[in-house]
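Using the hints, position chain B against chain A.
There are 2 protein chains.
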Amino acid sequence: MSAVAATFFRSRWVNAPEGVEEIDPAQLAPGFRAGAVACGLKAGGETDVAVLACDSDAVDSALLLTRNAAAAAPVRVCRDECDRGAIRAVVVNSGNANAATGEQGYRDALAMRDAAARELDVEPRAVAVAETGTIGVPLPVGQVEAGVAAAAARLDASGGLGFAEAIMTTDAAPKLCTVRAGGVTVSAQAKGAGMIEPDLATMLCIVQTDAAVPDASQTLRDAVAGSFERITVDGQMSTNDTVLLQATGAAGRPLPDGLLEAVLLQLALDVVADGEGATRVGRIEVTGAATAEEAERVARVIANSPLVKAALHGRDPNWGRIVQAAGMALAGTQLPELGPEVVEADELGSDAPEAQIALRLERGDGAAQIYFSDLTAEYVRINSEYRT
Amino acid sequence: MSAVAATFFRSRWVNAPEGVEEIDPAQLAPGFRAGAVACGLKAGGETDVAVLACDSDAVDSALLLTRNAAAAAPVRVCRDECDRGAIRAVVVNSGNANAATGEQGYRDALAMRDAAARELDVEPRAVAVAETGTIGVPLPVGQVEAGVAAAAARLDASGGLGFAEAIMTTDAAPKLCTVRAGGVTVSAQAKGAGMIEPDLATMLCIVQTDAAVPDASQTLRDAVAGSFERITVDGQMSTNDTVLLQATGAAGRPLPDGLLEAVLLQLALDVVADGEGATRVGRIEVTGAATAEEAERVARVIANSPLVKAALHGRDPNWGRIVQAAGMALAGTQLPELGPEVVEADELGSDAPEAQIALRLERGDGAAQIYFSDLTAEYVRINSEYRT
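Note that the protein sequences, when read in sequence, are chains A and B.
The numbering used here applies: residue 1 is where the first sequence begins, and numbers increase by one.
The numbering used here applies: residue 1001 is where the second sequence begins, and numbers increase by one.
Chain A with its partners taken away, still in its complex shape (with noise of 0.2 Å):
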């Protein structure tokens, strides 16, 4: 089991349903199988290339795109040349995020797709593309699609690992893992050691189940809202974000509730624990807020602020900056004084490597929490010094 897995429900933040047993997290959910290689893209020799396919075409299935108006090629042919509804399957490449790259990067990002269409057997439209890696560099389009046809020759329902550790940039570790729980299973791989992190960008998550999912993009979305759209490491949004979901109904069942978005949450504390630089996870919980987008805008600007994100690397209880960045946050509204009793910022310095932190507004019954990696001096060499 790895280490991903072993920590599913270490965490006391999540809230997983009942009766659900972790398995092997490199078992696809059935009726899918998945196959990496190495293609050349990444300068170290490691896997690259990765296609991930379903058995049936009788798949529901939804779609999450990054709504960054600079949005990468792959991100344009998903949302422009798939059925969104009915994916089969999936082709990723990590080390070149096809963004910045013009009409040129466009086609090579349907060349892509249409190897991997090809080499299934399956309709263009129902393969979905995502590339994650470096902004603004022509892709080496024929060298990726020799990758895709060696990929999709070695397609394996255990591809679960190969396919996380394909999709990896700057990840320090593969996120993935797969659950049973009412009759069905989940299996899911993420990427990301950052909301973004140009030039080795992107938060990619992909997912597939025997449940059956008739609104898949309803579930989809909701189950996002309460995960990946919870977490920030550095509060920029990528050019490539991709999150896809995949249901063939085999199972005959549904998905029990709350079990997506549990599996998601786990991904996107990885994430965040993974964070470019990251040594600690901090959760800002703002309750009493006049409504909750007012909560959720305040809970971001805490969970955004470098000085609050500084203070939680230094284990420093500095409640000072959590009223500064509230009141920054509802600047121009009238408050009463915010005082340490509103505030509890004791786990900022505490020695655990997470962190809770609560503000209670008084204005109304709007809640909201957002979870963060810490500001340290790593995560400026890395981003002021890879490319050296």
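What the hints contain is simulated information worked out from the structure, not anything from laboratory work.
Some clues are possibly wrong.
Quick look at which bits of chain B chain A covers, simulated, 3 or more residues with Cβ under 8 Å [to be verified]:
(1) 1226 to 1238
(2) 1311 to 1322
(3) 1331 to 1340
FRET-style restraints, in silico, Cβ to Cβ [claimed, not checked]:
(4) A:GLY45 / B:THR1333: 36 to 42 Å
(5) A:GLY364 / B:ASP1215: 37 to 43 Å
(6) A:GLU18 / B:ARG1221: 55 to 61 Å
(7) B:THR1333 / A:ALA358: 33 to 39 Å
(8) B:GLN1104 / A:GLU18: 46 to 52 Å
(9) B:GLN1104 / A:GLY182: 53 to 59 Å
So, partial list: chain A residues that the calculated Cβ filter (under 8 Å) puts toward chain B [claimed, not checked]:
(10) ALA70
(11) GLY136
(12) PRO306
(13) LEU307
(14) HIS313
(15) MET328
(16) THR333
(17) PRO340
(18) ARG381
(19) SER384
We put the CB at the ideal spot given by N, CA and C, even for glycine.
This is chain B only, laid out in the frame that chain A set:
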């Protein structure tokens, strides 16, 4: 002449009006005097209480205060209990922000102001109060009142440098200048090594002139919009930010066009260059946005991106990070592909201490510029370790 004064026309970015003569920055504009003492707020015994007063009661003034909803006690006192258009004097302490200090903090700020009014024999409502330093620590008000009395007893027309030194917190150098143009004199003193550095917080700027400025409020607002509102160190809004303009009109002439903004911009650039841990200053200019507001939003997201700030530090001409941040700022809008042809980022990689970056959109005529500091390991060290 101080190092600060010597840099007044160094930057090619400062568009000072012609015919401006810089004089000894310790010299205040005619009709103003200042004094400073150490009252013991700073552990090292540096000066920490200062008073600056206008000899005449025929003064026009304007006062801009932070919009932070957790505004400090002195900001609330200025907001509620000052004749903001007729400020005769200002009293400042450095070392204690008197923020998040509750009702007692408000009473202490009033007491500090009243002490200055007594010593100067002016109406309490004609005295502004500003404080900067640690958040959430009760003000030792008796000590400060004694300091106010001692400072008020040493008012001197050459007190500008002493005043600028007494309002410093984490600043590496005092920030001040005095200029003559068009028959008037403007002197100004500022402090700040970040938009906010809790617990050593705040940007303060105090400006004196013998020009006639009948519309002081609008004049100050316009000049600040072109200077202090064009900078960012860490994107954080302080609980204590205050800008004060006092104009006696004794010279019988108006302010030359652009003079006040040039003075404030120079001090603003000094604040950025002295940002916590900063080693370089960047300027991002966005043109071709749909509106000026959109241009400013895009410029701010770029200037506050930790990835762009780290690239500025690492001398990495990483144009992909400019594109990614712009795409994030414009999330949800339809953009043509942003490629290297719309970005000038070469100076990120130069040896110079200043780097000019440009982004050309093709959406309209909106333009904006923001100056920003780099993100360094030293910033992280200062903000995660200074309490230990």
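Indicate whether the distance between the beta carbons of GLN1104 (chain B) and GLY182 (chain A) respects the range 53 to 59 Å.
-> With a Cβ separation near 57 Å, GLN1104 (chain B) and GLY182 (chain A) satisfy 53 to 59 Å, so the hint holds.
Verify the interface restraint on ALA70 (chain A): the C-beta must sit less than 8 Å from at least one C-beta of chain B.
-> 3 Å, holds
GLY45 (chain A) versus THR1333 (chain B) beta-carbon gap, inside 36 to 42 Å or not | 40 Å, holds
Supplied contact hint for PRO306 (chain A), tested at 8 Å Cβ to chain B = 5 Å, holds
How about the stretch 1226 to 1238 of chain B: do at least three of its residues have a C-beta closer than 8 Å to a C-beta of chain A?
-> holds (count 5)
CB of GLY364 (chain A) to CB of ASP1215 (chain B), is that within 37 to 43 Å?
-> Holds: the Cβ-Cβ distance is about 40 Å, inside 37 to 43 Å.
At a threshold of 8 Å, is the proposed contact between MET328 (chain A) and chain B supported by beta-carbon distances?
-> This interface hint holds because 4 Å falls under the 8 Å limit.
Grab the minimum C-beta distance from GLY136 (chain A) to chain B and call the hint holds if it beats 8 Å, violated otherwise.
-> Holds, about 5 Å.
Hint check, HIS313 (chain A) versus chain B [nearest Cβ-Cβ separation less than 8 Å] | Cβ of HIS313 (chain A) sits 5 Å from chain B, so the hint holds.
Interface hint for THR333 (chain A), Cβ within 8 Å of any Cβ on chain B | 5 Å, holds
Chain B contact restraint on LEU307 (chain A) - CB to CB distance below 8 Å = 6 Å, holds
CB of GLN1104 (chain B) to CB of GLU18 (chain A), is that within 46 to 52 Å?
-> Check passed, 50 Å falls within 46 to 52 Å.
Violated hints: none; the structure is consistent with every hint.
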